[in-house]
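Visitor: Heads up: the sequence lines are chains A and B, in that order.
First residue of the first sequence: 1, per the working numbering; consecutive thereafter.
First residue of the second sequence: 1, per the working numbering; consecutive thereafter.
Bear in mind the hints are in silico, worked out from the structure with no lab data behind them.
Predicted model, so just to flag it, every value in this text is computed and none were measured.
Even for Gly, the Cβ is constructed at its ideal location relative to N, Cα and C.
Fair warning: there could be bad hints in the mix.
[Stated by the list, open to error] FRET-style restraints, in silico, Cβ to Cβ:
| # | chain 1 | residue 1 | chain 2 | residue 2 | range |
| --- | --- | --- | --- | --- | --- |
| 1 | B | Ile15 | A | Pro54 | 25 to 35 Å |
| 2 | B | Ile15 | A | Lys129 | 43 to 53 Å |
| 3 | B | Ser116 | A | Gly33 | 22 to 32 Å |
| 4 | A | Glu117 | B | His71 | 13 to 23 Å |
| 5 | A | Gln4 | B | Ser13 | 22 to 32 Å |
| 6 | B | Thr47 | A | Pro17 | 43 to 53 Å |
| 7 | A | Lys89 | B | Thr47 | 26 to 36 Å |
| 8 | A | Ser143 | B | His71 | 23 to 33 Å |
| 9 | B | Pro89 | A | Gly36 | 15 to 25 Å |
| 10 | B | Pro41 | A | Lys45 | 26 to 36 Å |
[Said to hold, decoys possible] Dumping the calculated DSS-like pairs for lysine-lysine here, alpha-carbon to alpha-carbon at most 30 Å:
| # | chain 1 | residue 1 | chain 2 | residue 2 |
| --- | --- | --- | --- | --- |
| 11 | B | Lys12 | A | Lys51 |
| 12 | A | Lys129 | B | Lys28 |
| 13 | B | Lys14 | A | Lys129 |
| 14 | B | Lys121 | B | Lys88 |
| 15 | B | Lys98 | B | Lys14 |
| 16 | B | Lys14 | A | Lys51 |
| 17 | A | Lys83 | B | Lys12 |
| 18 | B | Lys107 | A | Lys51 |
| 19 | B | Lys121 | A | Lys83 |
| 20 | A | Lys51 | B | Lys28 |
| 21 | B | Lys121 | B | Lys12 |
| 22 | A | Lys89 | B | Lys12 |
| 23 | B | Lys121 | A | Lys89 |
| 24 | A | Lys45 | B | Lys107 |
| 25 | B | Lys88 | A | Lys107 |
| 26 | A | Lys83 | B | Lys28 |
| 27 | A | Lys51 | B | Lys121 |
| 28 | B | Lys88 | A | Lys51 |
| 29 | A | Lys107 | A | Lys89 |
| 30 | B | Lys121 | B | Lys107 |
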Amino acid sequence: MTEQVYYEDVAVDSEIPPLTKTPTTRQLVMWAGASGDYYAIHYDKDFAQSKGLPGVIVHGQLVAGFLGQLITDWIGEQGRLRKFNCSYKGMNFPSEDITCRGTINQKYIENGEHCIECHIWAENPRGEKTVTARATVILPARS
Amino acid sequence: MSENAIIAEDSKSKIGVAQEFGVYEIEKGMIRSFARAIGDPNPLWDTEAPPTFIVTIGGETFGQLLHEMFHEGLLHGSTELECYQPVKPGDEITVTGKIANIRERSKMAFVTFEISYTNQKQELVARCQQTMIGYETEKMKND
């Protein structure tokens with residue numbers, strides 16, 4: 001596991017270490033089973049096309065899960081994700097890279113909690129932001 | 001409401017009416033399946049659930065509700081999650097949901113659901129707003 005990050009270590013405008021995922025259709029099926037989301041646009045190409053889509057698309061919430069991992073990998077065992085607001089703006093297709101990135105927007109202490117606000121997003125190989133999110137995390141402090 | 005029936009006609013009468021999706025006992029295997037579906041090897045998930053796991057609790061019931069409500073195309077608009085404490089194996093989570101808001105414009109319907117997650121000690125562990133977008137399938141095909 002990576003070393004614990006502390007509130008004092010985090011600078012505004014710095015970047016969160018990126019995370020790249022390449023979900024296969026097999027992974028989409030695993031996600032369907034784990035999440036209970038069996039909507040067929042995520043595994044049946046004919047059905048997806050009958051709904052006006054170019055083909056099978058990746059579940060938005062799976063991408064949100066990737067963004068969750070981006071955060072939890074970074075904040076470590078003692079960090080907590082408090083707020084996570086994400087918008088699904090574009091489509092991700094199976095077997096394409098999804099790169100999750102983030103930057104630190106703000107840091108402040110509220111009710112004794114050391115809060116960091118960040119902008120995070122998922123990009124497809126064409127550089128389009130398909131899912132954008134704002135996250136608030138609580139970090140431990142050194143002092 | 002418009003006559004094209006992107007969403008079921010009785011939907012608006014259900015705004016604000018709370019519905020219990022169910023009570024779910026959180027097992028280690030559920031958390032493991034979730035982490036594997038994301039491809040997240042963090043050893044922390046042996047003892048607690050990743051923060052984004054919570055939105056999948058009651059997911060099958062929510063999916064069934066969406067299936068009955070949305071008659072044409074359906075895409076995910078946004079997820080707004082607030083986490084108050086981590087979910088652990090052995091927790092019993094009661095999931096309650098309601099339609100908070102329905103907005104219709106240009107042959108699309110935006111439906112926002114408010115879902116709350118309470119544990120066996122009657123403590124609120126998380127709250128989530130999910131916005132789903134219904135669209136006219138033919139319109140999407142022609143665009």
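Visitor: With reference to the structure, classify each hint as holding or not holding.
Guide: Here's how the hints hold up against the structure:
no. : hint                              : result
1   : B:Ile15 with A:Pro54: 25 to 35 Å  : holds, 34 Å
2   : B:Ile15 with A:Lys129: 43 to 53 Å : violated, 32 Å
3   : B:Ser116 with A:Gly33: 22 to 32 Å : holds, 25 Å
4   : A:Glu117 with B:His71: 13 to 23 Å : violated, 39 Å
5   : A:Gln4 with B:Ser13: 22 to 32 Å   : violated, 51 Å
6   : B:Thr47 with A:Pro17: 43 to 53 Å  : violated, 24 Å
7   : A:Lys89 with B:Thr47: 26 to 36 Å  : holds, 34 Å
8   : A:Ser143 with B:His71: 23 to 33 Å : violated, 57 Å
9   : B:Pro89 with A:Gly36: 15 to 25 Å  : holds, 18 Å
10  : B:Pro41 with A:Lys45: 26 to 36 Å  : holds, 30 Å
11  : B:Lys12 with A:Lys51              : holds, 24 Å
12  : A:Lys129 with B:Lys28             : violated, 34 Å
13  : B:Lys14 with A:Lys129             : violated, 34 Å
14  : B:Lys121 with B:Lys88             : holds, 13 Å
15  : B:Lys98 with B:Lys14              : holds, 8 Å
16  : B:Lys14 with A:Lys51              : holds, 26 Å
17  : A:Lys83 with B:Lys12              : holds, 29 Å
18  : B:Lys107 with A:Lys51             : holds, 14 Å
19  : B:Lys121 with A:Lys83             : holds, 22 Å
20  : A:Lys51 with B:Lys28              : violated, 36 Å
21  : B:Lys121 with B:Lys12             : violated, 33 Å
22  : A:Lys89 with B:Lys12              : holds, 26 Å
23  : B:Lys121 with A:Lys89             : violated, 37 Å
24  : A:Lys45 with B:Lys107             : holds, 24 Å
25  : B:Lys88 with A:Lys107             : holds, 28 Å
26  : A:Lys83 with B:Lys28              : holds, 24 Å
27  : A:Lys51 with B:Lys121             : violated, 43 Å
28  : B:Lys88 with A:Lys51              : violated, 38 Å
29  : A:Lys107 with A:Lys89             : holds, 26 Å
30  : B:Lys121 with B:Lys107            : violated, 44 Å
Checked against the numbered hints given earlier, the structure breaks hints 2, 4, 5, 6, 8, 12, 13, 20, 21, 23, 27, 28 and 30 and satisfies all the rest.
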